[in-house]
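Enquirer: Chain residues, written in single-letter form:
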Amino acid sequence: MARHVYLDPGDLHPPRRRFQIVVAWILMLAVLVVAWQLAQMEPELAPLVFALLAALIVAAIAAAVVRASRSTFTLDLQAVELARLREDVVRAVANARAMLEKPLAGHQQAMVLSALGSCAEDEGDFAEAAEIFVRAEGTLRATPMSAMVRAQSLTLVAARRAFAHAALGDLQRARATLATTRLRDAFPSAATFARRAELVISAREGAFDRLASELRASEMLLRNSAGWRDRMLVQALSRVGTKDVLEVEPRLREWIVAVAGPSVQDVVRAVE
Amino acid sequence: MKLRGYNATIVWLAVVGTVTALTCVAIVGCGLLQRFELMVFALLAWAITNLVIVWAIGGNHRKGVRLNNDAVLLITRGDLEHANAKLRTAVSGVFPRDVVAMALFNQGVVAVRTRDLETAKARFRESVAMSGGFRLTRARGLYEGLSGAQLAFSCAVTGELDEAEACLSRLDGPGRASPLAVAYAARARATLALKRGKLEDVVAILDGERALLRNALAQNDAVLSEAMRAYALSRLGDAYRAAARTTAPIYADDLARAYVRSMLPEVEPVLVQQ
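Residue numbers (the numbering used here), protein chains in the order written: chain A, 112 to 383; chain B, 1251 to 1524.
Do not take every clue at face value.
[Said to hold, decoys possible] Quick look at which bits of chain A chain B covers, simulated, 3 or more residues with Cβ under 8 Å:
id: 1; region: 113 to 123
id: 2; region: 307 to 320
[Said to hold, decoys possible] Below 25 Å or equal to it, Euclidean Cα-Cα: the simulated SDA-like pairs (lysine to any residue) are:
id: 3; chain 1: B; residue 1: Lys1313; chain 2: A; residue 2: Val160
id: 4; chain 1: A; residue 1: Lys213; chain 2: B; residue 2: Asp1504
id: 5; chain 1: B; residue 1: Lys1313; chain 2: A; residue 2: Lys213
id: 6; chain 1: A; residue 1: Lys213; chain 2: B; residue 2: Ala1427
id: 7; chain 1: A; residue 1: Lys354; chain 2: B; residue 2: Ala1498
id: 8; chain 1: A; residue 1: Lys354; chain 2: B; residue 2: Asp1504
id: 9; chain 1: B; residue 1: Lys1313; chain 2: A; residue 2: Pro255
id: 10; chain 1: B; residue 1: Lys1252; chain 2: B; residue 2: Ser1342
id: 11; chain 1: B; residue 1: Lys1313; chain 2: A; residue 2: Pro299
id: 12; chain 1: B; residue 1: Lys1445; chain 2: B; residue 2: Ala1498
id: 13; chain 1: B; residue 1: Lys1313; chain 2: A; residue 2: Leu123
id: 14; chain 1: A; residue 1: Lys354; chain 2: B; residue 2: Arg1460
id: 15; chain 1: A; residue 1: Lys354; chain 2: B; residue 2: Lys1313
id: 16; chain 1: B; residue 1: Lys1313; chain 2: A; residue 2: Val176
id: 17; chain 1: B; residue 1: Lys1313; chain 2: A; residue 2: Ala262
id: 18; chain 1: A; residue 1: Lys354; chain 2: B; residue 2: Gly1309
id: 19; chain 1: B; residue 1: Lys1313; chain 2: A; residue 2: Arg252
id: 20; chain 1: B; residue 1: Lys1448; chain 2: B; residue 2: Arg1460
id: 21; chain 1: B; residue 1: Lys1313; chain 2: A; residue 2: Ser300
id: 22; chain 1: B; residue 1: Lys1313; chain 2: A; residue 2: Arg295
id: 23; chain 1: B; residue 1: Lys1313; chain 2: A; residue 2: Ala258
id: 24; chain 1: B; residue 1: Lys1313; chain 2: A; residue 2: Phe298
id: 25; chain 1: B; residue 1: Lys1313; chain 2: A; residue 2: Gln263
id: 26; chain 1: A; residue 1: Lys354; chain 2: B; residue 2: Gln1523
id: 27; chain 1: B; residue 1: Lys1313; chain 2: A; residue 2: Arg261
id: 28; chain 1: B; residue 1: Lys1313; chain 2: A; residue 2: Thr254
id: 29; chain 1: B; residue 1: Lys1313; chain 2: B; residue 2: Ile1303
id: 30; chain 1: A; residue 1: Lys354; chain 2: A; residue 2: Asp341
id: 31; chain 1: B; residue 1: Lys1445; chain 2: B; residue 2: Arg1420
id: 32; chain 1: B; residue 1: Lys1313; chain 2: A; residue 2: Ser257
id: 33; chain 1: B; residue 1: Lys1252; chain 2: B; residue 2: Phe1286
id: 34; chain 1: B; residue 1: Lys1252; chain 2: B; residue 2: Gly1309
id: 35; chain 1: A; residue 1: Lys354; chain 2: B; residue 2: Tyr1501
id: 36; chain 1: B; residue 1: Lys1313; chain 2: A; residue 2: Thr185
id: 37; chain 1: B; residue 1: Lys1313; chain 2: A; residue 2: Met256
id: 38; chain 1: B; residue 1: Lys1313; chain 2: A; residue 2: Leu294
Rather than coming from a laboratory, the hints here were simulated on the basis of the structure. Idealized CB from N, CA, C, for every residue including glycine.
Produce the entire structure from the sequences given, and follow the hints as far as they go.
Expert: Structure representation (structure tokens):
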């Protein structure tokens, strides 16, 4: 049973961008045809018509840019992420779902979904997290956007999705998903999330030699870029097979065991 | 070094506007209106020119972002020399202002890692300046917030407390609320309070953002924050500690210990060897 309702099917609306592009092109062609017809009927008015047309196009582009720059999307998304990192998941989920009510472009919708998936991941609701990341990936692949934005977002979402699959024990799917995280324009943090998923896969497969070598290879990357929760997970994984015990808060122990499986049960102890 | 960041949106608008105006002048002035196929040709040329402009500006932006991404990956892997080489290319080239601001911020991070706080402050100041001004972008002030918070921290560490305070006072505003900037700002406020001997403020600030600090900061910075809190509690005495807060041992590896020693040597004794 999930701790929160992260996403209701009714929360998702078709991304607005595709519809807008089609309408804008139709409008522009209609205006051009009308202007040309006018120019044919009244040749002396042609310069005026085309001057007006040019001004209209430039003004429309400028208005679109100014409107986009005034969007509160980034601020709203930062507020969601801030609430999540402050461990106020209820607020983060509520804010993210409220964002989905607004008309969003495809990559924006995927970013909000990714934030919701991260909330589910933090709460240990990995099935919900995986499902939300699948939706985010679907949106990213189906919506027109710049190649760089697509690559950046896809790698981040895929690396997190691989981790959720690995935590659910679906290791084959996790491995297959990891293969899609090596795009040229990936965000640097995607590498951290991908390494984290690899470590969990190795731990769950019981491949402890491989786990040890992966831990050695990614030690610096993880210590310099992973957050506290992931660093604790890595510390627990590095203690597998030793008598060294890691002491953590009860909820974190629950999360680490849910992620890495029975192999870490004896090396993580809950302390208040 | 002269920084040559340009405002990509303004440049794009200006070029598209000029091309559109020239196309209209050509259509009207050359009498293309009487020949439909010639007018269509002119409009096609207009569309293709605009696509080329978008492609050129976008490609330049992508190149700058790639340099930054590669550098950040190298920084996280500890290869600071190669990271700096990539960042120098981004800073010395002609790229959009956000890209240059990002590179300057990352250069500041490298300088902090190498304990060169004077260079760090210079890079963070440049990054703040590069991020500011009139902008038409969705993520306004992103690097202004990050660099401003890091500048405040660096100033507090080197004893320039008034400048640290001034930097922190500029951080409240829309667009500067990225979680990492908020975390850096909280740490800078705590450092400033520590340097001013306001130990209760140190504990209050760090307790107020404890979850954010541990989740948002990487190991060195998270250890430094915990060490500041433990140090302040230890100086405040047993009565305050028992009544207000407890503190667990703060484990630090060699790298984190060296970082804490270089930033705030007075708090190092509270660390426990990992």
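Enquirer: Of the hints stated earlier, which fail here?
Expert: 1, 2, 3, 4, 5, 13, 14, 15, 18, 33
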